[in-house]
Amino acid sequence: MGGDEKERERAILDVTAELLLRHGYNKLTMSDVADAVGLNRRLVYLLFPSKDALIEALLLRELNTYVEIWNHCLESDPLGGRSPASIGVCSLPSSSYH
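The sequence shown begins at 1 in the UniProt record's numbering and counts up by one.
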């Protein structure tokens with residue numbers, strides 16, 4: 001996947017997260033996502049063949065981000081995550097992750 005395609009995918013997932021929080025799963029449409037990101041709906045479908053595939057990609061991205069943050073916190077903790085302080089450090093609001 002080229003740089004432009006990765007950037008496009010990131011933009012689509014970012015918009016999807018916003019729309020999903022605002023409207024919920026049932027009211028979210030691929031057309032809404034395409035319009036919000038300024039792309040043709042067909043291009044969105046090329047990257048994500050269905051709304052379920054789009055949501056799955058978003059969830060995987062968010063889970064991977066969460067795992068990366070926890071791994072960093074655990075690696076930074078001299079006690080390897082056994083310290084209560086490591087929990088406090090890793091309890092950051094989601095807006096701090098991106």
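No wet-lab data here; the hints were simulated from the structure.
Just so we're clear, the structure is a prediction, and the values are computed from it rather than from any experiment.
Heads up, the beta-carbon is just placed ideally off N, CA and C, and yes, glycines get one too.
Careful, some of the hints might be misleading.
Said to hold, decoys possible - Within a straight-line C-alpha distance of at most 30 Å, the following computed BS3-like cross-link-like pairs (lysine-lysine) qualify:
hint, residue 1, residue 2
1, K27, K51
2, K6, K27
3, K51, K6
As the list claims (entries may be wrong) - Pair by pair, the computed Cβ-Cβ distance ranges are:
hint, residue 1, residue 2, range
4, H72, R41, 18 to 28 Å
5, L74, E5, 13 to 23 Å
6, G24, S76, 31 to 41 Å
7, P78, R41, 47 to 57 Å
8, E7, E62, 15 to 25 Å
9, S50, E7, 19 to 29 Å
10, E18, S50, 18 to 28 Å
11, N26, E68, 25 to 35 Å
12, D4, L63, 33 to 43 Å
13, V67, L21, 20 to 30 Å
14, D32, E62, 14 to 24 Å
15, N71, L43, 12 to 22 Å
16, D77, T29, 35 to 45 Å
Per the hint of 20 to 30 Å, is the separation of the Cβ atoms of V67 and L21 within bounds? Given about 21 Å between the Cβ atoms, the range holds.
Given the hint of 18 to 28 Å, is the C-beta distance from H72 to R41 inside that range or not? Violated, since H72 and R41 (Cβ atoms, about 37 Å apart) do not stay within the stated range.
Compare the distance between the alpha carbons of K51 and K6 with 30 Å, and conclude whether the hinted pair is satisfied. holds (18 Å)
Below or equal to 30 Å on CA atoms is what counts here, so check K27 against K51. Holds, at about 11 Å.
Given a hinted range of 25 to 35 Å, is it respected by the beta-carbon distance of N26 and E68? Between N26 and E68, where Cβ atoms are some 30 Å apart, the hint holds.
Hint check for E62 and E7 - Cβ pair distance inside 15 to 25 Å: Given about 18 Å between the Cβ atoms, the range holds.
Given the hint of 12 to 22 Å, check if N71 and L43 actually sit that far apart at their C-beta atoms. Distance hint for N71, L43 is violated at roughly 33 Å.
Consistency of beta-carbon spacing, S76 to G24, with hint 31 to 41 Å: holds (36 Å)
Pairwise beta carbon distance, D77 to T29, judged against the given window 35 to 45 Å: With Cβ atoms ~43 Å apart, the hint holds.
Satisfaction of the hinted span 19 to 29 Å by the C-beta atoms belonging to S50 and E7: Hint holds: Cβ distance 22 Å, inside 19 to 29 Å.
Between the beta carbons of D4 and L63, is the distance compatible with 33 to 43 Å? violated (25 Å)
Hinted pair K6 and K27, Cα distance within 30 Å: holds (26 Å)
Violated hints, listed in ascending order, are 4, 5, 12, 15; each of the other numbered hints is respected by the structure.
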